[in-house]
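When we follow my numbering, the leftmost residue of the sequence shown carries the number 1, and every step to the right adds one.
Hints are supplied without guarantee of correctness; some may be wrong.
[To be verified] Below 25 Å or equal to it, Euclidean Cα-Cα: the simulated DSS-like pairs (lysine-lysine) are:
| hint | residue 1 | residue 2 |
| --- | --- | --- |
| 1 | Lys125 | Lys189 |
| 2 | Lys63 | Lys256 |
| 3 | Lys65 | Lys101 |
| 4 | Lys256 | Lys175 |
| 5 | Lys175 | Lys158 |
| 6 | Lys223 | Lys256 |
| 7 | Lys83 | Lys101 |
| 8 | Lys175 | Lys65 |
| 9 | Lys133 | Lys175 |
For the record, the hints were derived by calculation from the structure and aren't laboratory data.
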Amino acid sequence: MKKFFLGFIISVFVLMIFGFNKRTDFFQTNKIIPPDQVKGMKAENMDDTYLNYFQSVLETKGKLKIAVMGSSVTKGTGSSSPKMSWPSRLKTFLQERNELKYRDIQLVNYGFSGFKAEDLLKEGKADQLILEKPDFIILETCIINNYRQSSTLFETIKYIDDLVNKIKKELPGAKILIISPNPILSSNKNQVGLTYEDYQMQTTAYFQQEGLNYMNIYEEMNKLVSQNNQKLQDYLADEIHPNDQGYKVWFESLLKHLF
Numbered sequence: 001m002k003k004f005f006l007g008f009i010i011s012v013f014v015l016m017i018f019g020f021n022k023r024t025d026f027f028q029t030n031k032i033i034p035p036d037q038v039k040g041m042k043a044e045n046m047d048d049t050y051l052n053y054f055q056s057v058l059e060t061k062g063k064l065k066i067a068v069m070g071s072s073v074t075k076g077t078g079s080s081s082p083k084m085s086w087p088s089r090l091k092t093f094l095q096e097r098n099e100l101k102y103r104d105i106q107l108v109n110y111g112f113s114g115f116k117a118e119d120l121l122k123e124g125k126a127d128q129l130i131l132e133k134p135d136f137i138i139l140e141t142c143i144i145n146n147y148r149q150s151s152t153l154f155e156t157i158k159y160i161d162d163l164v165n166k167i168k169k170e171l172p173g174a175k176i177l178i179i180s181p182n183p184i185l186s187s188n189k190n191q192v193g194l195t196y197e198d199y200q201m202q203t204t205a206y207f208q209q210e211g212l213n214y215m216n217i218y219e220e221m222n223k224l225v226s227q228n229n230q231k232l233q234d235y236l237a238d239e240i241h242p243n244d245q246g247y248k249v250w251f252e253s254l255l256k257h258l259f
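Input sequences plus hints: build the corresponding full structure.
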């Protein structure tokens, strides 16, 4: 019995070291990823389209439950009303789509102001989401707050990785899509010498390395602003949060990825 217990402890320790080394190795070889090597990277490992998956869940269970999790830009801060946020727009779109019309589609929003992935774990918000048993989860990385609160890149990715792995372990049948938050006005370095774009580039590179389903909202919104010869301020309610037009662009970019 003692040998079994000792073996179990050693196994747990090895797994912890493996996880630590995986992240450490990434930052030893990827201290700064050149922007031209990151832009446009999109990891796809879905065996089928999202629409077919949604239809399959509805046929099997009779209902589809979607959960979104993230920071204040997932909560919808900056919009004129809750229905103008990107999660509410998504729910309305799905309920009105011909293939899904008149079906039981639910969406629960776990967006919290000021939260990072670390907070979602430590404050029990991830546990609350898991209890909902959603079929599809959209996880916004919360890196605006990592930037503003001067988290290291290692800490940032560690807790996002921990959050994704926890959800995968507890909800093995659910599909997860990771998305970045929107661009913001600040381009200054924070207290650990990093810009917001540094967090965007490094998390994108990590998701690509791990083969995770990921969509870069930051890149899509910047691209649209540039194409329309507009200013980012036109899409923001303040220096950080999108306004109604900004959330509309977010929602439309998400649709291109889903459908």
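Verification of the supplied hints:
1. Lys125 with Lys189: 30 Å, violated
2. Lys63 with Lys256: 23 Å, holds
3. Lys65 with Lys101: Holds, because 15 Å separates the two Cα atoms, which is no more than 25 Å.
4. Lys256 with Lys175: 17 Å, holds
5. Lys175 with Lys158: 21 Å, holds
6. Lys223 with Lys256: 14 Å, holds
7. Lys83 with Lys101: Satisfied, since the Cα-Cα distance of roughly 19 Å is no more than 25 Å.
8. Lys175 with Lys65: Roughly 11 Å between the alpha carbons, so the hint for Lys175 and Lys65 holds.
9. Lys133 with Lys175: 11 Å, holds
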